[in-house]
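Student: For the sequence shown, the positions run 1 to 303 when full-length UniProt numbering is used.
Treat the hints with care, since some could be wrong.
Straight-line C-alpha distance at most 20 angstroms; calculated PhoX-like pairs for lysine-lysine [unchecked claim]:
#1 Lys215 with Lys261
#2 Lys110 with Lys80
#3 Lys193 with Lys220
#4 Lys201 with Lys220
These are calculated hints, taken from the structure and not from any lab test.
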Amino acid sequence: MPVSSADFRVADWAVEARDIWDRTQDAIRASKERMRSSADAHRRPAPTFAPGDLVWLSARNIRLRVESTKFAPRYLGPFKVLEQVNPVVYRLALPPRLGITDTFHVSLLKPVYMSQFSESSAGTSGSSTDDYENLVAAQSILSVPNGIPEGDWGPMEVCDDGTRARGFDLKVEEWQGIWDDTALNSIRLHCTKSSTWDVLKKITSKEGDFGTWGKYFSCKSGYLTRFSLRVEPSHSTDNTAANNIMFTCSDGSIEEGDGQKWGNYGPWSTTCYAGIRGIQTRVLPKQGAFHDDLSLTDVKFIC
1 MPVSSADFRV ADWAVEARDI WDRTQDAIRA SKERMRSSAD AHRRPAPTFA
51 PGDLVWLSAR NIRLRVESTK FAPRYLGPFK VLEQVNPVVY RLALPPRLGI
101 TDTFHVSLLK PVYMSQFSES SAGTSGSSTD DYENLVAAQS ILSVPNGIPE
151 GDWGPMEVCD DGTRARGFDL KVEEWQGIWD DTALNSIRLH CTKSSTWDVL
201 KKITSKEGDF GTWGKYFSCK SGYLTRFSLR VEPSHSTDNT AANNIMFTCS
251 DGSIEEGDGQ KWGNYGPWST TCYAGIRGIQ TRVLPKQGAF HDDLSLTDVK
301 FIC
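The task is simple: from the sequences and hints, build the whole structure.
Tutor: Structure, rendered in structure tokens:
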């Protein structure tokens with residue numbers, strides 16, 4: 001079959017189009033390299049910290065109770081480094097009631113440079129614990145007023161970045177008959193991303209010594225957003241403190257745990273519309289023979 005002039009024109013166009021494509025890609029790569037080189041010229045290596053080092057914590061992402069952000073502190077601390085979680089994340093020794101996560105990206109930390117005139121302990125050149133607690137906005141913590149003020153608060157545990165708590169399960173001691181009851185001993189949150197049902201992490205704070213983990217409860221959609229705690233008030237005989245918990249989900253549905261039935265539910269906490277992402281529990285340690293065990297007495301959640 002004879003080749004027409006139109007076939008030659010198509011072939012020429014294809015060669016020319018390929019040449020334009022190649023030159024465009026070369027120009028894009030050259031532009032990326034120029035931008036990378038320009039950006040690298042202003043970059044410095046990230047500082048590295050060892051356990052025990054003192055650092056300042058940027059207040060950039062922390063909501064503070066101040067009349068004007070213009071006069072708010074730019075850094076809080078200094079705080080002591082506890083461990084390096086991964087190459088760019090560190091865990092700090094924060095005051096236990098501060099109410100924020102204790103893990104931070106290295107970009108939010110600044111080393112403390114000590115001199116012979118500096119105090120040697122964390123917190124002496126910054127604000128006191130009470131000052132920090134007054135600065136950090138209460139909206140970041142969900143709590144209820146009917147917890148029992150006994151026992152010690154455990155560590156605050158949080159879901160990984162980009163995940164929130166969609167479900168939970170409870171550690172509950174079954175009814176003991178004539179023996180000492182403790183009811184609710186721990187609460188465990190199940191962290192997921194919005195795009196998947198897969199549980200990526202389970203977090204729990206301080207645990208009581210009794211009971212077993214029960215059924216898993218989960219929102220049909222969205223995340224856990226607020227809670228109400230079932231608590232048995234203190235009385236003269238066998239006390240159990242916290243018995244059960246129920247959560248409201250993003251879609252408005254309510255999920256109640258499989259705890260015990262003593263006591264009553266108190267008021268609902270405030271709502272965390274973004275979804276709960278952390279937990280801190282208060283637990284009374286095992287009291288021994290002839291003493292009343294309570295186990296879990298109160299809980300807070302991080303928004």
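Student: Are the hints correct? Go through all of them and say.
Tutor: Evaluated hints:
no. : hint               : in the structure
1   : Lys215 with Lys261 : holds, 16 angstroms
2   : Lys110 with Lys80  : holds, 12 angstroms
3   : Lys193 with Lys220 : holds, 14 angstroms
4   : Lys201 with Lys220 : holds, 18 angstroms
In terms of the numbered hints stated before, the structure departs from none.
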